[in-house]
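Engineer: Please put together the full structure from these sequences, using the hints given.
There are 2 protein chains.
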Amino acid sequence: MVGVEGLRMVEAALGSGLRIEALLVSDAGERHMARLAPLLKSDTQVLRTSDRLFAGVADTRTPQGIAALVQARQATLEDLLRDCALVAVLVGVQDPGNVGTILRAAEAFGATGAATCSTNELGTADPFGPKALRASAGSALRLPVLHGQPVASLLSQMRTAGVKLYAATKESSGQTELSGPPVLRPWEADWKLSAAILIGNEGAGLPDDIVRVADACVSIPQAAATTPVGVESLNAAMAASVLLYEAMRQRMAKR
Amino acid sequence: MVGVEGLRMVEAALGSGLRIEALLVSDAGERHMARLAPLLKSDTQVLRTSDRLFAGVADTRTPQGIAALVQARQATLEDLLRDCALVAVLVGVQDPGNVGTILRAAEAFGATGAATCSTNELGTADPFGPKALRASAGSALRLPVLHGQPVASLLSQMRTAGVKLYAATKESSGQTELSGPPVLRPWEADWKLSAAILIGNEGAGLPDDIVRVADACVSIPQAAATTPVGVESLNAAMAASVLLYEAMRQRMAKR
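Protein chains in written order, with the numbering used here: chain D, 412 to 666; chain V, 412 to 666.
Any given hint might turn out to be false.
If several chains are the same, the list does not tell them apart, and a pair holds so long as it fits within one copy or across any two.
[Said to hold, decoys possible] The list that follows gives simulated cross-link-like pairs (lysine to any residue, SDA-like), each with its CA atoms no further than 20 Å apart: (1) K603 - L480; (2) K581 - R419; (3) K452 - R419; (4) K575 - E489; (5) K603 - Q661; (6) K581 - A483; (7) K581 - G540; (8) K581 - V413; (9) K452 - E432; (10) K603 - A664; (11) K575 - S590; (12) K581 - T471; (13) K452 - Q482; (14) K542 - N646; (15) K603 - A634; (16) K581 - P561; (17) K581 - P592.
Because the hints were derived from the structure by calculation, they are not lab data.
Structural biologist: Below you can see the structure in the form of structure tokens.
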């Protein structure tokens, strides 16, 4: 069960086709009901509360007085792999803002789904937590998301299903050893086939044993990589967005 | 004069080639000096202070005890237009996090510079403010940035210099009237020539009179645009990153 808060997020939940267990409305939130009424099913339970009580359960500093309890979609691997799959696989992405942003980009660029995985060392932030949900602008509710998967078995199932595994790696990160998979620029990979983009931890990147099982590493070249001091590469969410865009570009140009 | 705070930002400032007016070090910050010493010029003034005093001037909640006063670069239009120009022009981007993220993407993807403009109604957040600086991961200090430009005269100077003006617009936003400039997908625009990407306000987009003077509108197609309710497009920073990537892709593929 997922709690979502605020007018825009509640609208996104009501429009997602997910089962709404209850709508919570405070006195101040009552003004939004005219706008939401057309989206409500006849059997949706509406719970009314005082502003003070609402503020006590609200997660935001200035609550809008409107929230919903949503039965989140339990996606299956089959959901993610329908048609020509494009799946964002998050492996130890710890910042919920990054998780949400990646899901938002995944939906915008036509990904078929996303999976969040943990490694031995690192978990991925909960895609249905309040910060990730907000950063996703509701995409976490609409996009099929497989949550908390053990990464090794997920990748081997994807490989069996014919999905190409692309590891997003940084330029000259040491993750691209001689013995490892080939390193491609984003536009050198063929995204018109079923593909998964593996996105690692913000600081540490992908674990070496994940990179080794990938079909290729995809590395975004960066002009700033020539600057001597203090230059950070794109962050995990920006890099993932760019790779998802590249996949969409190739798929649309194909048609 | 710009104040930057924290070890990574101070490192970025010291490595930027900008003039450092002073380095401020608290007792707790002293531990970073061994790492920073090789980057210091002999005439850099180092001011030492107590942790308590430092916390009083610090902008972050858990200060690292290290800060620098930097003479920010005053970029000229000529700086921005050197070589084959690629300039991000921010017109009323109000969120400092978005401003910083766009500058970071601009540097990463090889832009020659950025300009921040205000319109009659909306200003662009200060690229040298603490939140924008942090979100830029220091790019605001390294990339030539022309700050607070009146947008009309800037665009007409760019046009005179032969720079193509591309307005970043949303799909079916009403900004793409029949009488307006042609609407291209990102990969349909020719980014190998000198180009500027005009990025508008987070909510309102670009003003109509700016869109009308552009050579073309560039609109990122989005799968989610078909979902009925509550779907927001990519945010301003994500859209700008994708367009900057597309420009780099075409320029690198050309070589």
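Engineer: Give a verdict on every hint.
Structural biologist: Going down the list of hints, with the structure as the test:
Taking the closest pair of Cα atoms, K603 and L480 never come within 20 Å of each other, the shortest separation being 38 Å inside a single copy and 50 Å across copies. In this assembly of identical chains, the alpha carbons of K581 and R419 lie at most 20 Å apart only when taken from different copies (19 Å versus 35 Å within one copy). In this assembly of identical chains, K452 and R419 lie within 20 Å of each other by CA distance solely inside one copy; the values are 18 Å within and 52 Å between copies. When the C-alpha separation of K575 and E489 is checked against a cutoff of 20 Å, the pair qualifies only within one copy, where the shortest distance is 16 Å, while the shortest distance between copies is 45 Å.
Taking the shortest Cα distances, K603 and Q661 sit within 20 Å of each other both inside one copy (6 Å) and across copies (19 Å). Taking identical chains as interchangeable, the C-alpha atoms of K581 and A483 are never at most 20 Å apart, the minima being 33 Å within one chain and 29 Å between chains. When the C-alpha separation of K581 and G540 is checked against a cutoff of 20 Å, the pair qualifies neither within a copy, at 28 Å, nor between copies, at 28 Å. In the homo-oligomer, the alpha carbons of K581 and V413 never lie at most 20 Å apart, since the shortest distance is 34 Å inside one protomer and 30 Å across protomers.
When the C-alpha separation of K452 and E432 is checked against a cutoff of 20 Å, the pair qualifies only within one copy, where the shortest distance is 11 Å, while the shortest distance between copies is 63 Å. Taking the closest pair of Cα atoms, K603 and A664 come within 20 Å of each other both inside a single copy (10 Å) and across two copies (19 Å). Taking CA atoms no more than 20 Å apart as the test, K575 paired with S590 passes inside one copy only; the shortest distance there is 19 Å, against 44 Å between copies. Proximity of K581 and T471 under a CA criterion of 20 Å is satisfied in neither setting, with 35 Å inside one chain copy and 29 Å between copies.
Taking the shortest alpha-carbon separations for K452 and Q482, only the intra-copy value of 14 Å comes in at or below 20 Å, while the best inter-copy value is 60 Å. Taking the shortest Cα distances, K542 and N646 sit within 20 Å of each other both inside one copy (18 Å) and across copies (16 Å). When the C-alpha separation of K603 and A634 is checked against a cutoff of 20 Å, the pair qualifies only between copies, where the shortest distance is 16 Å, while the shortest distance within a copy is 27 Å. In this assembly of identical chains, K581 and P561 lie within 20 Å of each other by CA distance neither inside one copy nor across copies; the values are 24 Å within and 38 Å between.
In this homomeric assembly, K581 and P592 come within 20 Å of each other (Cα to Cα) only inside a single copy, at 14 Å, whereas the closest approach across copies is 38 Å.
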